[in-house]
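Undergrad: The listed protein sequences derive, respectively, from chains A and B. So the mapping is simple: the numbering used here equals the position in the first sequence, first residue as 1, plus 2. So the mapping is simple: the numbering used here equals the position in the second sequence, first residue as 1, plus 2.
Rather than coming from a laboratory, the hints here were simulated on the basis of the structure. Treat the hints with care, since some could be wrong.
[To be verified] To give an idea of the chain B side of the interface with chain A (calculated C-beta under 10 Å), a few residues:
no.	residue
1	Y91
2	R97
3	R269
4	V271
Only a predicted model underlies this, so the values are computations on that prediction, with no experimental measurement involved. Virtual Cβ for every residue (Gly too), placed ideally from N, Cα, C.
Protein chains: 2
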Amino acid sequence: MTDHPLEAPRLHVGAILKAIEDRRMTAVDAIEAARRRIAAGDSEIGAFVCLAEDDARQSTEAPLAGISIGVKDIFDTHDMPTEMGSPLYEGHRPRFDAALVAMARSAGATIIGKTVTTELASIDPKDTRNPVAPGHTPGGSSSGSAAAVAAGFVAAAFGSQTGGSVIRPASFCGIAGFKPSFRLLPTVGMKTFSWSLDTAGLFAASVADLALLAERITGRPLTSLSAADANGLKIGLYRAKVDDHLDHEMTEAIGAAARLLERAGARIVDLAEPAALSEGRDSHRTIQGFEAARALMHEHVSGGDRLGPKLRAILDEGATVEPDAYDGARRCARLARKAATSLFETVDALLVPSASGPPPAGLASTGDPTMAKLWTLTGNPVVNVPGLTTSAGLPLGVSIVTRFGRDWEALTIADRLERLIQADRGRPSE
Amino acid sequence: MTDHPLEAPRLHVGAILKAIEDRRMTAVDAIEAARRRIAAGDSEIGAFVCLAEDDARQSTEAPLAGISIGVKDIFDTHDMPTEMGSPLYEGHRPRFDAALVAMARSAGATIIGKTVTTELASIDPKDTRNPVAPGHTPGGSSSGSAAAVAAGFVAAAFGSQTGGSVIRPASFCGIAGFKPSFRLLPTVGMKTFSWSLDTAGLFAASVADLALLAERITGRPLTSLSAADANGLKIGLYRAKVDDHLDHEMTEAIGAAARLLERAGARIVDLAEPAALSEGRDSHRTIQGFEAARALMHEHVSGGDRLGPKLRAILDEGATVEPDAYDGARRCARLARKAATSLFETVDALLVPSASGPPPAGLASTGDPTMAKLWTLTGNPVVNVPGLTTSAGLPLGVSIVTRFGRDWEALTIADRLERLIQADRGRPSE
């Protein structure tokens, strides 16, 4: 780590809070640094759609004072437009902050700007660039949030995931990403795509930063819980029905992560995907489509050609799903949740690929959500661990999944794995 | 029933649709009648905060053409302000319709206006009058919606329930009310108070009207399902821990309803409340408070004295609830849901009081939600059946509760009970 947290390539929540606590800098210094970095670099990256006015009221006492946060532009903010990445919401100004935004502000964080989202958090790509893999997609739908953290512009960012929209961009941009247990973070004031799937999530430079951020926003103990070592942990190497989608380098990354954990004392066991979970994954499309076609019915009906073609196709298809098919899919999802809980009777955590491979070249697609969407459906906590790469240096994220409600455990094990990866690569956290 | 549906004291969904189908009138006639009734009577009642512009595009073909709907002013509407009953939202204009509003419009219904809600659907009373019990509260928080149907202004209305805000005003205003299974009707675009409790609901003149309305909005089969008779039904007379709150006339109303069902061939069995359900009811306050303090954090922080005192007290208390206490309450709620499901292994439906008694005199309180809130927490479908009264003629609603997801069964049994009550009182539906 560089000596001063404001000189490091990325802004780390932990290092910033420590430096402020030690009076090596002020909260105002930290926020100004973030603003300078954005001013200097965002024309290259395109992570932000809007920046907040500089308000000088920086308390140094509050638990997140000095922490700059970029907020995906589907969360309401009272002081900036919330345009949902859609021409239908151009200039839209909510009156009050979304719950998560209000919680972050009340903890003293600075909402520094709104980040690029694909239209209504769907899959039509925008032109945000991937800071660590030029010429490759940063992933979506939380494209700008992941890019803003990866570029070192902000210490943290808010995103959302209905399929894989937090875990995939975190993987593609080589940063830590956290999709908490369903509804651990409130989604009030966040635009709905699918009410049984939409999950608010967080990005930060490292897993330890994520845990600290989540702890201080929610008031829940999510750090310092036996972070110690991997000794005695039982990790399931989850063999999914869709593993044939995997790029061979992702398969190798999972193998490498497993070996690191094993060397550190964990027991690795193979776990074949139960049928209920394969079927759960298959039900995702029906649930998402049915709910999106209702949640966005007025936008769909009145927006017409102004909506992106991929989004329109999802809504068109969703409008044809009958209640019977939806109810059947929800039954599948319920069984999948039960099956997911059972998995953790034999292992502490699962190790799974965050995406099918490295970020695809070009900006024509935000990538494939297949790998992450099962755990969105089941609601289990997932943490993307950065640090592994392809031979060409493209990021390959791997995820730690734990039992529903055991978010601290997912963060703790993911933190351990991140440190093992860094030690193996002969370098500490950057 | 009067010969022509537009001459009856109340507008009935079924009678209107039938008359349009039979070409005895047009959809335009039906909507104009509703507008005339509001113009003539709402200065007395105060059910509406805003009326829609008359748009002449009335299709007679659509499944709900001719049906006038009043919408609680916490549902977004693109063509009218959505002021949430709060000075904080004065003049607020959403860009798009809430999901339920869009669904109703897409089925051909006319959203005729926005109805009075208590502030942010909480409990500080407004001044809507009770059309059937002058000088008594219409209940809340869906005060205007219940009053608009009871006064005969509209064929139907939308409301929401976090404690008892659909079932109680329906009971107090002597109309039919439907709190469906949790999330049967989407809450997207409806202001959130408590995300695990908020439930969108419907009001209509009779239970049969409710079923028809709900069927045509959702595309689910909710009518014509063995409506036949009570023969062979097993109905649980639910003895709740809070029954000492009950007014003696409500206890008598429940007894009268039970006797009518029994005479029609149902078997009535006493059912003592399981401890898990009493504890579930007790957990409601913790869950509601914790979630409301987060969902409305920005309004709470910035609204200060502009918020009503009762709402502010709920938010102040909710802000002190720790995550541990909330998690404990959610575990109670989960156990209560399981216990509720078990109840229906021995009975088809429960018969419960909709409120603790008739509408209290005056407008200083919207009444007590204790009776209804348990079923909001468990998510079971509940239908308020009107028709019984105190000796002084004040309305006493009784509710039919069925298993989660069996909304058709709740509507069917409630419809049967309503007809028995009407037959007993020697009069058909008015």
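Undergrad: Now tell me, hint by hint, if it's right for this structure.
TA: Results of checking the hints against the structure:
1. Y91: holds (7 Å)
2. R97: holds (6 Å)
3. R269: Constraint on R269(B) not satisfied, violated at 30 Å.
4. V271: violated (30 Å)
Hint check: violations occur at hints 3 and 4; the rest are consistent with the structure.
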